[in-house]
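Asker: One letter stands for each residue in the lines below.
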Amino acid sequence: MIGEPVFGVIADPSLATILDEKDDDREGRDAVARPLAQRADQDHRREISTRDRFNSVGPKRAATDAIGNRNLCLGEEIDGRNCRSGDDQPLVLKIPDLHVAKPIAGAGNHIRGEREQKPLSDFSGPLFNGLGEPGTLLKFDPQAPQQHNRRRKFDNAVCAKRNQGKVARENAGADGYRGLDGHPCGRESFQPEGVANETNSCSIGIKGHHQLLGSGWPVVKESGDQPESVPESQGDEKPGMSSTPQLLAVETPVSFKGRGDRTGTANLRGADLRWAIAFVLPYAAVFFVFVVYPFGYALWTASKPSLYADLIADRLYLPALLNTLLFVGLGVNVKMFLALLLSGFFMRRRWWIKVLLSIFIVPWVIAAAQACVSFHWMLQQEGLVDGILSTLFGIDGPIWFNDRWLGIGWNIIAYIWKWMPFWTVIFLAARMRIPREIYDAAEVDGATGIRHFIHVTFPLLANLYLLCTLLSTLWTVGDFTTVYLVSGGGPAGATNVLATLGFHYAFDESKPALGVAAAMSSLPALIPIAIVLVRRVQTSEAHL
Amino acid sequence: MALGAVILIWSLAPIYNMFLIALDPEEGEIEFDGNLWPPEPSLEGFRAVVMQQARYLENFWQQFGNSLFIGLMTMALTVLIGSMASFAVSRMRLTKGSLLTNTALLTYAIPASFLIVPYFRIMHSYGLSDNLWAVIAAQVTFATPFAILILQLYASLIPFELDDSARVDGASAAQVYLRIYLPLMTPALAVVAVYALMLAWNDYLYPAVLLAVRNMTVAVTQGQLFSDTDAAWNAMMAAAIIYVLPPIALLVALRRYVVASLTMTGAEA
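From first to last, the protein sequence lines stand for chains Z and V. Position in the first sequence (from 1) plus 5 gives the number in this note's numbering. Position in the second sequence (from 1) plus 72 gives the number in this note's numbering.
These are calculated hints, taken from the structure and not from any lab test. It should be emphasised that the depicted structure is a prediction, and the values quoted were computed from it without experimental measurement. Beta carbons are placed, not taken as given, at the ideal position from N, Cα and C, and that holds for glycine. Treat the hints loosely; a few may be bogus.
[What the hints assert, rightly or not] Residues from chain V shown here face chain Z by an in silico Cβ test under 7 angstroms; the list is partial: (1) A77; (2) I79; (3) P86; (4) Q134; (5) I153; (6) M164; (7) L166; (8) N174; (9) A184; (10) L187; (11) N274; (12) Y276; (13) Q294; (14) V316; (15) I320; (16) A321.
[Stated by the list, open to error] Chain Z regions said to be covered by chain V (calculated; three or more residues, Cβ under 8 angstroms): (17) 308–320; (18) 324–336; (19) 480–487; (20) 522–535.
Chain Z extracted, bound-state conformation (with noise of 0.2 angstroms):
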């Protein structure tokens, strides 16, 4: 039992002494305080930013969570979201009803408000159920009969599985199952409100509960006791872990075991751990067949140092590397701004604007082939922008494609055309989640117009946008497509980029390794970016 990894959890050897220990030995309590004391500072340190993702802004805390607990907040109720106790702890307790003891508030005792995403080795938390609700304190309310028996039926269930196989079974209670200490599971073993019970440990930390005598933890019988232990009621609540170690070795099918890989050793057994790696199975076959595969294949191609002489000889590569900075550069950036623009333009709530979005999505809709070749041949002679500028302005159009800046121009234009569409529903998606109270706050503060979008939503929005415009110049560098069909590479290959390039070494001259090599050759400007791109994808997860 001790020392066993049980839910990745490690029981600490010093909280077994308190297993043999009877309720009024203060000494050996005194002996397990210390270590408990210093879990209580780390805890209290967790415990901050517990209570800062518990008071944010958010939804209101539920009466009743999904199992039937009750939240009960204990200190003074603020806004129904927020709750405080005197020294500003937060003081929801999560009240399943198990007539155990009754509660005493402000004893400034450490709580978890919802049950957050906390790894299971973290003993220092708050009294543990024991029966797999890891973080959420002792649950006694007086106030819900009502959850009796669905609470009841649960405990029981859980006693009877965690005891099957134990030493107990011979003196079997009514419902054939024992707790840990010998007696029966079931209710009828449950000491009644306020009355110290050491007996019965299938209830949940009833005795750890009554080694927190003096500690703080409020108990009718010892009223008395609270003010002054409140110093050390921070560190005392530990000792309701003393039944836990035991409990906890049981197997409960709660959830998927394990919280993350915080604790370092697997965190999935069995069955979970077969699926879950069935699961991951099929990409990962994908991502070696397909991805490292024709990578490695690349990267050993392009390894040629003469390649790269012979490309820099080329009468196409340079140019061809700076059209790609352009088409890069400009298109990616004239894009991001415009859809930043046109998410604020969008999120107005008229009809006629979601029938705007809905025709502005067709553009990203359209196969890249056919509308650039409709971009292509509605640039020719007497073609339909011809058609225009002779309607509106009287003149004649340029022969567009003859000219080396004309044809990178009307690429980056059709490719702002294509992909625009996409990032502006992005962008109005990210608005969309805003939530309009800091709006309301920046207009009681004054920001209007253009002091709304710099100094609201702009910022929020900052780490999206980074995000993205590295993301669309990873995209845009390899846009094959839209250079191809839209001018072809321009008059004698000179609007080339590095994409159509490659295509063209390899399958109109016959060198592929030279096409491989002048594809593989932007590569010492992707990688940073890509690499960029994932920290801050990692470090930024819930905000895209």
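Here the structure of chain Z is known, so what remains is to put chain V in place on it, guided by the hints.
Answerer: This is chain V only, laid out in the frame that chain Z set:
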């Protein structure tokens, strides 16, 4: 209002151009007379497409079928593989799951068009040359990492208590996936499906290189008329318009989910 008009013109101009050419009654070489409006609109182009009577269009419906097959299989496989991997990483919280996601995103470090020569070679060595599955595999490879990312982000909005209560009731991992995860993720799955279909439907380079003419898709054939001034332009543009219709139909069918996923995140805030 003015901005709305600008957006309208900007978005629809090339598409209007397509219609303009498609409605032209003349076959053969297009003469651009500088018209803004088709002088004699006729459906000759559309008829030629449907009857497969124009050059380049002999196999239009077969190619259309190829495109459809590639698009639907890409969509199905991306959704399946992406949702399974994302479930294992984000809901079951597999150890080192973030390693998987990051490695997946490395797929985008080298753009797809740079890898066309290696893909050409390896499809040949896998025995998949001139096979629709080669294109499907390539498209799935490039669509799945983004799908995993989107699904993971969306799943972070769904509380874990739902999984946990299912587990308390005795559900296995597969049942949680089927009964809890997939139904709740429907808007995100719809977005991923549309994205994958768009990617596969509109791709030019990979079908052009990996497939021979026999198995070609419509998108590529359309692109190949770029240099041929002798084609029946009205028919080609009519074919282009017909080719655009299925994705639009899908988008319209799934717009409720796409819009729902947008507004859900808005309502969440």
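Asker: Taking 7 angstroms as the limit, does the beta-carbon of I153 of chain V come near enough to a beta-carbon in chain Z?
Answerer: holds (5 angstroms)
Asker: In terms of beta carbon proximity below 8 angstroms, does the region 480–487 of chain Z have 3 or more residues touching chain V?
Answerer: holds (count 6)
Asker: Would you settle whether the hint for A77 of chain V is holds or violated, based on the nearest Cβ-Cβ distance to chain Z being less than 7 angstroms?
Answerer: violated (10 angstroms)
Asker: Once the shortest beta carbon distance from P86 of chain V to chain Z is found, is it less than 7 angstroms?
Answerer: holds (4 angstroms)
Asker: Per the CB criterion, is N274 of chain V less than 7 angstroms away from chain Z?
Answerer: holds (4 angstroms)
Asker: Just to be careful: measuring from the Cβ of L187 of chain V to every Cβ in chain Z, is the smallest value less than 7 angstroms?
Answerer: holds (5 angstroms)
Asker: Hint validation: N174 of chain V versus chain Z, beta carbon distance must be below 7 angstroms. Holds or violated?
Answerer: Holds, because the Cβ-Cβ distance from N174 of chain V to chain Z comes to roughly 5 angstroms (cut-off 7 angstroms).
Asker: Does the interface hint hold: is I320 of chain V within less than 7 angstroms of chain Z, judged Cβ to Cβ?
Answerer: Holds, about 6 angstroms.
Asker: Let me know if the C-beta of A321 of chain V comes in closer than 7 angstroms to any C-beta of chain Z, holds or violated.
Answerer: violated (10 angstroms)
Asker: Regarding the hint that Q294 of chain V lies at the interface with chain Z, is the smallest CB-CB distance below 7 angstroms?
Answerer: holds (5 angstroms)
Asker: Three or more residues of the region 324–336 of chain Z near chain V by CB distance under 8 angstroms?
Answerer: It is violated, with 0 qualifying residues against the three required.
Asker: Classify the hint on Y276 of chain V as holds or violated, based on whether any CB of chain Z lies nearer than 7 angstroms to its CB.
Answerer: Y276 of chain V check passes; min Cβ-Cβ to chain Z is 5 angstroms, inside 7 angstroms.
Hints 1, 4, 16, 17 and 18, counting from the list given before, are not met by this structure.
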